[in-house]
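Mind docking chain Y on chain Z? Use the hints.
So the protein lines, in turn, are chains Z and Y.
Taking the working numbering as reference, the numbering of the first sequence is continuous, increasing by one, and the terminal residue is 539.
Taking the working numbering as reference, the numbering of the second sequence is continuous, increasing by one, and the terminal residue is 539.
Please note that a few of the clues may not be correct.
The list treats identical chains as interchangeable, and a pair is accepted whether it falls inside one copy or across any two copies.
As the list claims (entries may be wrong) - Each computed DSS-like pair below joins lysine-lysine, with the alpha-carbon atoms no more than 30 angstroms apart: (1) K360 x K392; (2) K360 x K470; (3) K392 x K470; (4) K470 x K504; (5) K371 x K504; (6) K392 x K371; (7) K392 x K496; (8) K353 x K371; (9) K496 x K371; (10) K360 x K371; (11) K470 x K496; (12) K470 x K346; (13) K470 x K353; (14) K392 x K353; (15) K346 x K371; (16) K353 x K496; (17) K496 x K346; (18) K504 x K353; (19) K360 x K504; (20) K360 x K346; (21) K360 x K496.
Honestly, the hints are just simulated from the structure, not real lab data.
Here is what each chain is made of, one letter per residue.
Number of protein chains: 2
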Amino acid sequence: MNQQYSSVLLEKAVDEFAKLPGIGRKTALRLVLHLLKLDVATVDHFANSITTLRHDVKHCRVCHNISDEEVCGICSNPLRDESTVCVVENFQDVLAIEATTQFHGLYHVLGGVISPMDGIAPSDLEIDSLVERVGKGGIDEIILALSSTMEGDTTNFFISRKLSAFTDLKITVLARGISVNDELQYTDEVTLGRSIVNRVPFTIK
Amino acid sequence: MNQQYSSVLLEKAVDEFAKLPGIGRKTALRLVLHLLKLDVATVDHFANSITTLRHDVKHCRVCHNISDEEVCGICSNPLRDESTVCVVENFQDVLAIEATTQFHGLYHVLGGVISPMDGIAPSDLEIDSLVERVGKGGIDEIILALSSTMEGDTTNFFISRKLSAFTDLKITVLARGISVNDELQYTDEVTLGRSIVNRVPFTIK
Numbered sequence: 335m336n337q338q339y340s341s342v343l344l345e346k347a348v349d350e351f352a353k354l355p356g357i358g359r360k361t362a363l364r365l366v367l368h369l370l371k372l373d374v375a376t377v378d379h380f381a382n383s384i385t386t387l388r389h390d391v392k393h394c395r396v397c398h399n400i401s402d403e404e405v406c407g408i409c410s411n412p413l414r415d416e417s418t419v420c421v422v423e424n425f426q427d428v429l430a431i432e433a434t435t436q437f438h439g440l441y442h443v444l445g446g447v448i449s450p451m452d453g454i455a456p457s458d459l460e461i462d463s464l465v466e467r468v469g470k471g472g473i474d475e476i477i478l479a480l481s482s483t484m485e486g487d488t489t490n491f492f493i494s495r496k497l498s499a500f501t502d503l504k505i506t507v508l509a510r511g512i513s514v515n516d517e518l519q520y521t522d523e524v525t526l527g528r529s530i531v532n533r534v535p536f537t538i539k
Numbered sequence: 335m336n337q338q339y340s341s342v343l344l345e346k347a348v349d350e351f352a353k354l355p356g357i358g359r360k361t362a363l364r365l366v367l368h369l370l371k372l373d374v375a376t377v378d379h380f381a382n383s384i385t386t387l388r389h390d391v392k393h394c395r396v397c398h399n400i401s402d403e404e405v406c407g408i409c410s411n412p413l414r415d416e417s418t419v420c421v422v423e424n425f426q427d428v429l430a431i432e433a434t435t436q437f438h439g440l441y442h443v444l445g446g447v448i449s450p451m452d453g454i455a456p457s458d459l460e461i462d463s464l465v466e467r468v469g470k471g472g473i474d475e476i477i478l479a480l481s482s483t484m485e486g487d488t489t490n491f492f493i494s495r496k497l498s499a500f501t502d503l504k505i506t507v508l509a510r511g512i513s514v515n516d517e518l519q520y521t522d523e524v525t526l527g528r529s530i531v532n533r534v535p536f537t538i539k
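Just chain Z, with the same shape it has in the complex:
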């Protein structure tokens, strides 16, 4: 590609911003020109917040959610109900469920759903660690709170099979108040809250 701007440095910065999801070259240029107008300390602070995050952020060793500590604030909170674990796909889903204020248990963040199309196998997800966690005892109920998609359903099925040895364990899914093909993180809070309250036993259809 030919050079488009009068500055290679500018070109490179725009290229980097344009790699971000949903950011085109016009938007990237606008953002970069905005950064150019800020003072050096502010821009350094911006860049630092990114590198520090990437280098220092951890995943909670219990629930695998994004955390600054070895064990996250939810898992280490004595007021949360340790006997109920809600299995979610990612960080945003934890945010979405926390926003409903309807759930007081702990989480287990899978890091995705099983998706042969995207090359995501069960071994890429935190499924074994979930089974191990249940095996340690103290968990009465697993709520499968995955997106209502084919991949989510497949993952629900896979997990329920993996957990079938624990005969006393109650496995539930979110009530089907959420529409088919909806992404969990974009579901409105009332619908999502109700579907947690009205969760039903998991059955294989």
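Frame of chain Z, contents of chain Y only:
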């Protein structure tokens, strides 16, 4: 504000992204979570491209456009017509005019337009350096290519007054009228009115 996420580092990075123009907190979170998924080297490269740009980018000492060198590629190009200088507001305007391939002279980037509402005075802009540049001789025509707004018109007026001492200098503005491919019925009244008053002889191109 209360902490919203399970990680202060994440919170800070989202805060920084959300300061960018046109980026809300949801988009900021999406961008930051995307960066978290990339490997460390890629994220370092991204952050570096921003700090390097801010620290090392220069403004051409002739036209004040963004440049990696003391004198930019347009000003140092011997094929460009040095006798015609196009006065623009900012870097994007240079890009826009270059994209037309209709202009072969040099530029002068003001860095904005006079705007008392935004606290931008003539002394904040590269107007004195324009007068100085014209004073050195060799410039036959100044094209005022500012936005067709009250601020643009004010700036045009101010510059033309400042340059009035150079009696041989031709000062022009961009032609104003209806846009190419515009439907007449949707053109605003002021533009349409002006384009009737300033009508030109019909020629077959």
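Status of each hint after checking the structure:
1. When the C-alpha separation of K360 and K392 is checked against a cutoff of 30 angstroms, the pair qualifies only between copies, where the shortest distance is 21 angstroms, while the shortest distance within a copy is 34 angstroms.
2. Taking CA atoms no more than 30 angstroms apart as the test, K360 paired with K470 passes in neither setting, with 53 angstroms inside one copy and 37 angstroms between copies.
3. For a Cα distance limit of 30 angstroms, the shortest separation of K392 from K470 inside one copy, 23 angstroms, qualifies, whereas the shortest one across copies, 61 angstroms, does not.
4. Taking the shortest alpha-carbon separations for K470 and K504, only the intra-copy value of 16 angstroms comes in at or below 30 angstroms, while the best inter-copy value is 86 angstroms.
5. Proximity of K371 and K504 under a CA criterion of 30 angstroms is satisfied in neither setting, with 57 angstroms inside one chain copy and 33 angstroms between copies.
6. In the homo-oligomer, the alpha carbons of K392 and K371 lie at most 30 angstroms apart only across protomers (12 angstroms), although the nearest pairing inside one protomer, at 33 angstroms, exceeds that limit.
7. Proximity of K392 and K496 under a CA criterion of 30 angstroms is satisfied intra-copy only: 27 angstroms inside one chain copy versus 60 angstroms between copies.
8. Proximity of K353 and K371 under a CA criterion of 30 angstroms is satisfied in both settings, with 22 angstroms inside one chain copy and 13 angstroms between copies.
9. For the identical chains of this complex, K496 and K371 are inter-copy neighbours only, at 27 angstroms across copies versus 55 angstroms inside a copy, given an alpha-carbon limit of 30 angstroms.
10. Both within a single protomer and between protomers do K360 and K371 lie at most 30 angstroms apart by alpha-carbon distance, with minima of 17 angstroms and 24 angstroms respectively.
11. Proximity of K470 to K496 under the C-alpha cut-off of 30 angstroms is restricted to the intra-copy arrangement: shortest distance 15 angstroms within a copy versus 82 angstroms between copies.
12. In the homo-oligomer, the alpha carbons of K470 and K346 never lie at most 30 angstroms apart, since the shortest distance is 50 angstroms inside one protomer and 35 angstroms across protomers.
13. When the C-alpha separation of K470 and K353 is checked against a cutoff of 30 angstroms, the pair qualifies neither within a copy, at 43 angstroms, nor between copies, at 44 angstroms.
14. Taking the shortest alpha-carbon separations for K392 and K353, both the intra-copy value of 24 angstroms and the inter-copy value of 25 angstroms come in at or below 30 angstroms.
15. For the identical chains of this complex, K346 and K371 are neighbours both inside a copy (17 angstroms) and across copies (21 angstroms), given an alpha-carbon limit of 30 angstroms.
16. With identical chains, the CA atoms of K353 and K496 are never at most 30 angstroms apart, being 38 angstroms at best within one copy and 45 angstroms at best between copies.
17. For the identical chains of this complex, K496 and K346 are neighbours neither inside a copy (47 angstroms) nor across copies (38 angstroms), given an alpha-carbon limit of 30 angstroms.
18. Proximity of K504 to K353 under the C-alpha cut-off of 30 angstroms is found in neither arrangement, the shortest distances being 44 angstroms within a copy and 45 angstroms between copies.
19. For a Cα distance limit of 30 angstroms, the shortest separation of K360 from K504 qualifies neither inside one copy, at 51 angstroms, nor across copies, at 34 angstroms.
20. In this assembly of identical chains, K360 and K346 lie within 30 angstroms of each other by CA distance both inside one copy and across copies; the values are 14 angstroms within and 26 angstroms between.
21. For a Cα distance limit of 30 angstroms, the shortest separation of K360 from K496 qualifies neither inside one copy, at 48 angstroms, nor across copies, at 35 angstroms.
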